[in-house]
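Read off the chains here:
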Amino acid sequence: MIEAVADRLLYFVVAVLLGIGLYMTVASPNLVKKVIGVNLMQTAVFLLFVTLAFVEGGSAPVVSQEAVAGRHASPLPHVIVLTAIVVGVAVTALALVLIIRLYVGFESLREDVIQEVRRND
Amino acid sequence: MSVSLVEVSLAAFVILAAIGTAIFRDVMAAIVVFAAYSLGMAVLYTLMLAPDVAMTEAAIGAGVTTILLIVTIAKTNRSSAEELIEVIHWPAVVVAGTFTAVVAWTVFEFPTIGSDEAIAWSNPSVTQHYLTYTYVETGVTNAVTAVLAAYRGFDTFGEAVVVFAVGVAVLVVLDREVFT
Amino acid sequence: MIDSFAELAPAILVGLPILAAAFPLLLGRLWTRIGWWISLVTTLAMTGIAAVLAYSVHVNDAVHHHLGGFAPPIGIELVADALSVWFAFLIAATATVVLAYTYQGGPRGRAFSSVYLLLIGGLMGIALTGDLFNLFVFLEITGIAAYSLIAARQHRDAAYAALKYLIIGTVGATLYLIGVAYLFMATGSLNMVDVSASLAGGGSADIGVPLYDEMLVRAAFAFIFAGLATKVALFPVHSWQPDAYSEAPDAVTVILSALVSTVAAYALIRVTFTVFTPAFFEVTPAATTAIVTLGVVSALVGSILAVLQSRIKRMIAYSSVAQFGLVVAAIGVATGPIPAEFALAGAIIHLIGHAIMKGGIFAAAGAIAASTGARTVQEYAALARRRPGLAACVAVLGFALVGVPPSIGFIGKWYIALGAVESEMWLVAVVVFISTLLTLGYVARLLERMYFILPEDAPSAVVTDGGDGVSIGMLLVVVLAVALTVVLGFLGGPLFELVDPYIQEVLHG
Amino acid sequence: MSEVDSLRPLAVVLISLVAVGLIITSHRRPNVRESWSVLAAVGKFAIVASMLPGVRDGTVYVWRFETIVPHVDLSLRADPLGMLFALLASFLWIFTAFYATGYMRGLDEHAQTRFFAAFAASLSAAMGIAFAGNLITIFLFYEMLSIVTYPLVAHDETDEARIAGRKYLAYTFLGGGVLLLAGTALVYWLTMVHADPSIAFQAGGITELVAASDADPWPARIAFLALAIGFGVKAAVMPVHAWLADAMVAPTPVSGLLHAVAVVKSGAFGVARVVLDVFGVDLVADLGMDVVLAGMAATTIVLASFIALRKNNLKRRLAYSTVSQLSYIVLGVALLNPLAVLGGLLHMPAHAFMKLTLFFCAGAIHVETHTDDISDMAGIGRRMPLTMGAFAVAAAGMAGMPLLAGFVSKFYIVTGGIDAGMAIFAGALIVSGVLNVAYFWPVVYTAFFETPERHDPKPIVEHDRAPFRHFVSDGGDAHHDGHHGGPPPGGWEARSPLTESTWFMLGPIALLVTGAVILGILPGEAVFLDLVEQIVEGAVGGVDR
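Residue numbers (this note's numbering), protein chains in the order written: chain B, 425 to 545; chain Z, 18 to 197; chain U, 23 to 531; chain X, 30 to 574.
Next comes chain B alone, as it looks inside the complex:
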């Protein structure tokens, strides 16, 4: 059991980070913190990809000039993560612009306050 966990430690870290991110997204009253929560979830998935690309005793995926297989981490998950990081920050930027507009409209960043105002409309 302990060995099974030790052999997959970072995967468990991923599981925990996903949970924390989800908690923030669901429970944080502050919209900015909700967005951070979403980011947390995303970085957890990045870690998942990076970890599964890893190979014991290997090196970064810089390959030799011959057509010979070397022992390198898989480049494909890295590419996925690179793309996803950029996508993630882009979405975050849009979310923050929306938050600024919401602040102008509702004068609050707390979801409960905003919902209260909307109910009273």
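Don't read these hints as lab results, they were simulated from the structure. Be aware that one or more of the hints could be misleading.
Unchecked claim - Ranges of calculated distance between the beta carbons of each label pair, as one might list FRET restraints:
id : chain 1 : residue 1 : chain 2 : residue 2 : range
1  : B       : Val541    : U       : Ala44     : 32 to 40 Å
2  : Z       : Ile36     : U       : Val74     : 50 to 58 Å
3  : Z       : Glu100    : B       : Val528    : 22 to 30 Å
Even for Gly, the Cβ is constructed at its ideal location relative to N, Cα and C.
Got chain B; can you put chains Z, U and X on it based on the hints?
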């Protein structure tokens, strides 16, 4: 694989930082802790043989995202911090805890980290193809660059579109026009 | 000639709107309305190309376009087969038609045109891509465009709806990505066809034994399903949809309701049948049960919530939750132990039909709001006297939604019901029939208001003068939707023939 | 039997749809508008009648359209059974078109254009039901009928009318949208097991269905029940009858044509289609469903007759009479015996003529005197001699008096029931006959042999309880006049048959009651008996009289 002390301490660090982000009531504090978290992740990525990812995470995750967050706080307000810690929302803890438990449960079925028998690594037509033929086919030694720019250039095109889309989207959201 | 063109067509369909999206901004200085014209030319061209491609695929065979010349699983491919071409055509055609609505009805800015084209490009990418991660990228492009289009209405509630959608949508996309990671771990590949073959024991992974009973694969399906379900707006992750649909500008609601969730549901069909295949569900019957249950619950709860709404756009939005519930239930039925061709046909046809009907109803609601200011069920009182034509259109579309023949709504429902009977999933059959009554509940409530309230009982707060807010383009969209809804209602047989090749392929190999 | 491709069945359906368009466009000129109704009615009847000789010779006129779902095309077939219903409904529409004009103008009703348009559209739907060649097509028109008759039921736009409309829609969609569709899907699925699915009507039943139900009878039973009850909703078979009485808030021509002829008959007709042309009498008997259906029908016949006794509002009493009489048709068909089926089908025209007469009389009374309740009608025979005379004749026919239309059909049902060894169900008819007398006689008696002064307020069976009475008896079009109707002070004036009302209304009444008499005295001369014999011949086997 034997777990190194560095790895364990980094794992502990990112988890603690994540918890800190979640529970600090002061948004500014949460942002700062989140930036530290991102840096921790970047180091972890390096450990996992992903320097490209680590650099990007440091620049974008810890850098750009933090700046964006701070600008947002500057434009809005920094939630008052009479209490240090957020009230814990227990139902959400149960939901998130269940989610974590389910994911953790599946983790036992994962191949061990770094195993060269894991199909994600050993698939002859995908990962092994990239590792073997990248230079021959593309003339680039950095396999990540090759996959990014050549083999899966379409994803990268999509990534560029995402950035462009957000730019235009912000114009729409703020009802602005450019070049007028 | 057509063949060589068809080889390129998928790439053009995805690339064209995205490249065109740059021009409204660049050429904006020349002419204020240039964005609209660029959109029109682009979407018209896309519709034509999609039509040619659909014809070619129908006559010849599926087209696989390898981007950059790298064959999968090394590279990414676009796939135009008997399923995806119809959705590509639906996207292009709907995008063209909705432009007619925006000409007068707005929103109009140049940035709007750009985002509109990006939305279409994103949807097109989802429809045509044959790669699991690439699907994620296009989901995000679509998402970003959709979020900002909702917030194009400069009202604080619209920004709130957009942010809510953004957060739920991003979490959904993240869940999807986790599923992709699991599949990658199981097969080492991202190409849909290759992953599918690998799961069966062959493919590039070539493990030799099927992987269907692996925990990794099952969890992968659960995550992908959960992720796409949020995009489809299935209960209980539907909560963004009523806000998004009701707060968005009217024209945006039309395109959102017609395409965005529709294409997400298409992605669900694609992943379920092309990637996981019925063989997976044979080994994992619990997955079938889960899909069917969620679909059924969504159909019932959505209908009930729709009955309770007082604002028109919210009511129709909840109706979408219910209709997508039916579609998902049908997808579930089709994965069941008894191969149910009709259920899959029902899911696809109802998806397309729902796009037409819902788009039409939202367009009608927008036109009514523009001309009379009426936005609640209350304010629709005696509408038949003030706007007889629009009221009649709403009536036809409403009854079509209930499933009254001849209408595309009936055809979709008939296939779903028949599929449920065919696979002997009696619960689904019962729910399909019960949902008829529930749908009637909210449709009839609206129609009664419109037709059987005497003018003196009608609230006076409504603007009754003028009709200047309605443009020919708006009416055109509504009338076209009504005409299509009815005409397609006579063509259930031919429609079935169109999607039959795909169904045969995925259900019978 | 030969099939001939023909556009005539389609023309029958379309002609009144075209009229709908014309009616709406000429909404500003009432005379033009009403003449479209009449023209369409006459035209429709002419086309139907033109097919009659061919159909009598065994020709089936068929029109086919695109495949709506695999193996099922949209098709209209003018076969004998369809002709029976089409002939009846199109013939009676002519009278109703005139009557409705007189009625609506007499009351100066609102939304007349909508009324006439919906009316014409419902005739289209009824024709579609008559000629539908398969279950999907009949479903299509059945739903269409529900929708276009809804505006007629809710015509008054009062709360009561709206509630009645809602109830009507809910019931008919339960029947159409849910049960019919479910039954159709089941039949499609059952026949799919052995061959290509087939849901087209076949005289004697769909052959593939027999093989399918041999394997497992339960799906077939459920399909039968779903279809029978689905159509039974419109035929107001208990326990799904409740909408009919409420729908009587509609203007009388609606109650007359639609709720005594087109709508409810379409339900009874549908049941006949299901028994004769979908399952076939043999299969129904094998499945044991004949007893179930006959039991429901017999129960309805008796219970509805009892309820009718308690109704003081004339239209409501007529409505429950309709509920009861419709089940005669269902019962006749359910007994599966050739004679009983003959009687049941023959009761379609018989009941139509008589009930339409009765409703038209009730409407004429309403228009002329604003009287709706039987207790207010003492001596009204003096005021409206022709109307009440016709009423008395038709009522006698309803009760099964010899020499009138109702007698012939009931006779066959009872004989057939005894032949089939189900005398107990035939017994229900006898009981109902007595009850018919009990609820119609007081009306006639009150009208002719009482005066307002010498009126015995106590009927044979007590009316509804007082607190409910006002609401319950408020059917009809009571809101148009401030007062509740009833005799003017000093009693009804005496009028001659020539001046009692407008000939728009009296003409149809006189002609219809004559028709009812002809059907009774000379059943062989009216075309219906021959047609019904032909149907029974094809679907059940020879009639041995």
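The hints, checked one at a time:
1. Val541(B) x Ala44(U): 32 to 40 Å: holds, 38 Å
2. Ile36(Z) x Val74(U): 50 to 58 Å: holds, 56 Å
3. Glu100(Z) x Val528(B): 22 to 30 Å: holds, 27 Å
Figure legend: structure checked against the earlier numbered hints; every hint is met.
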